[in-house]
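Make a model of the complete structure from these sequences and hints.
Heads up, the sequence shown is in my numbering, so the first residue is 1 and it goes up one at a time.
Please note that a few of the clues may not be correct.
[As the list claims (entries may be wrong)] Only pairs whose alpha carbons sit at most 20 Å apart, straight line, appear in this in silico DMTMM-like list of lysine to aspartate or glutamate:
id : residue 1 : residue 2
1  : LYS27     : GLU50
2  : LYS282    : GLU2
3  : LYS189    : GLU157
4  : LYS299    : ASP320
5  : LYS189    : ASP107
6  : LYS314    : ASP303
7  : LYS3      : ASP252
8  : LYS3      : GLU222
9  : LYS314    : ASP295
10 : LYS285    : ASP303
11 : LYS43     : ASP30
12 : LYS285    : ASP295
13 : LYS271    : ASP288
[Claimed, not checked] The following label-pair restraints were derived from C-beta to C-beta distances:
id : residue 1 : residue 2 : range
14 : GLN36     : SER276    : 45 to 53 Å
15 : SER167    : PRO112    : 27 to 35 Å
16 : ASP195    : SER276    : 36 to 44 Å
17 : GLU210    : ASN114    : 30 to 38 Å
18 : LYS148    : PRO112    : 46 to 54 Å
19 : ASP320    : ASP195    : 28 to 36 Å
20 : LEU150    : TRP356    : 48 to 56 Å
21 : ASN336    : ASN315    : 31 to 39 Å
22 : PRO112    : LEU150    : 17 to 25 Å
Since the hints were derived computationally from the structure, they do not count as laboratory data.
All C-beta atoms, glycine included, are put in the ideal place defined by N, C-alpha and C.
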Amino acid sequence: MEKVTYILGAGFSAPLGLPVMSNFLFKSKDMYYENQDTYTHFKKVFDSIESLSISKNYYNSNLFNIEEILSLTEMMDFLDGKKLSEAFTKYIADVISYHTPQMKPYDGGALPGNWYDFVFGSSGPLTKYGYFVGNLLRMTFCEGRKAKALPGSDEREFHAAVSKEESIRYSVLTMNYDLVLENVASFVKNHFVTDGTLSFEKSNYDPEWELCHLSKLHGCLEGGIIVPPTWAKGTHPQVVPAWKTAYQVLRDTNHIRFIGYSLPESDSYIKYLLKSAVVGCKHLKTIDVICLDPDGSVKTRFDDLLEFGYYRFKNVSVTDYLDSLVRTTQEIRRNNYGNRTTITMNSLEKVHAAFWASK
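Shown next, in the form of structure tokens:
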């Protein structure tokens, strides 16, 4: 059994319109000035940011970057014996939630004969992310018949479950606060008959990797845990379990794949996590990086970090990767046209290999 770990950065969610560190403040101000009644609490945050500007009189400080703002704010709160203010936490959560698109179910009534093309809803930006999550969770969908159906109603019933036949197991470590991955799993559970196993393992480490681990290293909107990337994680006991799980995942993994993660200099804790975990990693085979890199600086940082002979870097967008996954899954579906009752999400490894073989 092969174990594959995806490490996701802001570039993974950015194509959906979610803000990144550099444009977070600007997007939040757009929200505020369009609807000040709803986002009145933003004013307190903006005033706090304005008060930080005095630091620019003495030190180089980018107060348009939310990472810098969060780090400065939390340093002051921590030394005053306080946690990051509730206003700041709510501000971060509101901005991310506002820009997170929702999956939309098929809008033509009952699912059509080609129902398998709509398992992740009507076409939209989240559909391709659905295929990715479907592979991570080893989803299999099937069409059945209801035990009892009202006269004239749709007799079909659609089920989703975890495939037990796949030999690949996945885990995810993410720097993102958003719920993009979880929303896909929730969508499937809300629109298909399931046994409750289609979910991420977010609490404990499973040595068998039966469920896909999801470790959110900087916190999550769920629960209101927001940790600045630059800040000491030990001062945030809520994220310690996620880091412990991530450590175990990296020790047991065979393949590491970075997507949309630029390895920023400020995120030194990730580097130490990787270095410490590899000491106990018995069979790491490959490290792949997929990230936009317009000026070559991202590749330089990874080159400086990694001495591993089986490391590869590709300067492309996550959308190129996910589009390949959708196309391949649909091609497999067309080639298996005789089977119109079942579809299994199991083409990620084929797509990954072909993606690296292409120029």
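Now for the hints, and whether the structure bears them out:
1. LYS27 - GLU50: 17 Å, holds
2. LYS282 - GLU2: The hint holds at about 13 Å.
3. LYS189 - GLU157: Holds, at roughly 13 Å.
4. LYS299 - ASP320: With a Cα-Cα distance of about 18 Å, the restraint between LYS299 and ASP320 holds, given a limit of 20 Å.
5. LYS189 - ASP107: 18 Å, holds
6. LYS314 - ASP303: Given that 20 Å is the threshold and the Cα spacing comes to 12 Å, the pair holds.
7. LYS3 - ASP252: 7 Å, holds
8. LYS3 - GLU222: 27 Å, violated
9. LYS314 - ASP295: With Cα atoms ~13 Å apart, LYS314 and ASP295 stay inside 20 Å; holds.
10. LYS285 - ASP303: 17 Å, holds
11. LYS43 - ASP30: 13 Å, holds
12. LYS285 - ASP295: 28 Å, violated
13. LYS271 - ASP288: 15 Å, holds
14. GLN36 - SER276: 45 to 53 Å: 47 Å, holds
15. SER167 - PRO112: 27 to 35 Å: 33 Å, holds
16. ASP195 - SER276: 36 to 44 Å: 37 Å, holds
17. GLU210 - ASN114: 30 to 38 Å: Between GLU210 and ASN114, where Cβ atoms are some 31 Å apart, the hint holds.
18. LYS148 - PRO112: 46 to 54 Å: 23 Å, violated
19. ASP320 - ASP195: 28 to 36 Å: Distance hint for ASP320, ASP195 holds at roughly 34 Å.
20. LEU150 - TRP356: 48 to 56 Å: 51 Å, holds
21. ASN336 - ASN315: 31 to 39 Å: Since the Cβ atoms of ASN336 and ASN315 sit about 34 Å apart, the hinted range of 31 to 39 Å holds.
22. PRO112 - LEU150: 17 to 25 Å: 20 Å, holds
This entry does not satisfy hints 8, 12, 18, going by the numbered hints stated previously.
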